[in-house]
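Student: Sequence:
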Amino acid sequence: MPGRNVALSNGNYYHVFNRAVAYQKLFLEKDHYDRALELLNYYRNSKPPLRYSYFLRLPPDSKSKILKDLSCAKDFLVEILAFSLMPNHIHLLVKQIKDNGISIFMGRFQNSFTRYFNRKNTRAGHIFGGNFKAVRISSEEQLIHVIRYIKLNPLSAGVVKNFEELEQFPYASLSEYLGGRGDGYICSKDYFLSRFGSLNELKTFISDNKDYQIQLQNIKRDILESYHTSKV
Numbered sequence: 001m002p003g004r005n006v007a008l009s010n011g012n013y014y015h016v017f018n019r020a021v022a023y024q025k026l027f028l029e030k031d032h033y034d035r036a037l038e039l040l041n042y043y044r045n046s047k048p049p050l051r052y053s054y055f056l057r058l059p060p061d062s063k064s065k066i067l068k069d070l071s072c073a074k075d076f077l078v079e080i081l082a083f084s085l086m087p088n089h090i091h092l093l094v095k096q097i098k099d100n101g102i103s104i105f106m107g108r109f110q111n112s113f114t115r116y117f118n119r120k121n122t123r124a125g126h127i128f129g130g131n132f133k134a135v136r137i138s139s140e141e142q143l144i145h146v147i148r149y150i151k152l153n154p155l156s157a158g159v160v161k162n163f164e165e166l167e168q169f170p171y172a173s174l175s176e177y178l179g180g181r182g183d184g185y186i187c188s189k190d191y192f193l194s195r196f197g198s199l200n201e202l203k204t205f206i207s208d209n210k211d212y213q214i215q216l217q218n219i220k221r222d223i224l225e226s227y228h229t230s231k232v
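Numbering (UniProt numbering), first residue to last: 1 to 232.
No lab work stands behind these hints: they were computed from the structure.
Heads up, a few of these hints could be off.
[To be verified] With a cut-off of at most 30 Å between alpha-carbon atoms, the simulated DSBU-like pairs for lysine-lysine come out as follows:
#1 K98 <-> K47
#2 K95 <-> K65
#3 K98 <-> K74
Build the full structure now, drawing on both the sequences and the hints.
Tutor: Take a look at the structure:
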């Protein structure tokens with residue numbers, strides 16, 4: 001596997017993303033999305049006691065105890081500030097907490113999801129297109145831009161039809177920020193709430209930029225379509 005050009009260091013924020021091999025789909029049905037969310041939540045922990053597939057085989061009481069212990073420990077490899085699960089790719093905004101935290105977290109997540117996907121769809125081989133990519137966030141302005149980009153991605157890409165649907169879309173972090181899932185289910189919200197003061201101000205900031213991001217996405221799509229047409 002090729003080496004990484006970006007050094008991943010503790011205390012820094014990164015836009016982490018990866019897509020399916022050959023632009024195929026990562027998520028073919030609701031269960032795939034739900035499993036990915038469960039894995040993000042489970043493997044952000046520094047010391048999960050066993051593989052998630054084994055965890056699922058435990059009795060309900062044992063699973064509840066493990067999840068409670070992990071929640072109380074708050075011993076994370078990474079903090080997840082935003083996420084978006086798209087049909088053929090994923091976006092994450094994370095802060096590395098432990099040495100090699102992002103690499104360990106992404107390795108566990110991708111390996112576990114690949115095993116699950118292959119087993120469920122009776123296939124073998126890779127589903128992610130090589131190593132994940134990571135872009136270091138170098139300023140607060142860039143950090144704000146990236147969280148807005150990630151939260152709006154399902155809307156700008158046409159996965160949901162409007163902002164109201166995005167607010168309820170469970171596979172991107174805006175719905176979690178606005179209370180669609182349990183508080184703190186996956187995301188660490190303190191950083192952005194401290195910058196915007198309230199969820200309503202954060203929602204307004206994101207919503208006010210939606211038309212601009214959709215326009216940029218359309219321009220990007222038109223350029224790519226024009227390029228491919230010219231190559232025919």
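Student: Run every hint past the structure and note whether it holds.
Tutor: Tested hints:
1. The hinted pair formed by K98 and K47 meets the criterion: a straight-line CA distance of about 11 Å does not exceed 30 Å.
2. A threshold of 30 Å between alpha carbons decides the hint, and for K95 with K65 the separation of about 27 Å falls inside it, so the pair holds.
3. This hinted pair checks out: K98 and K74 have alpha carbons roughly 12 Å apart, not beyond 30 Å.
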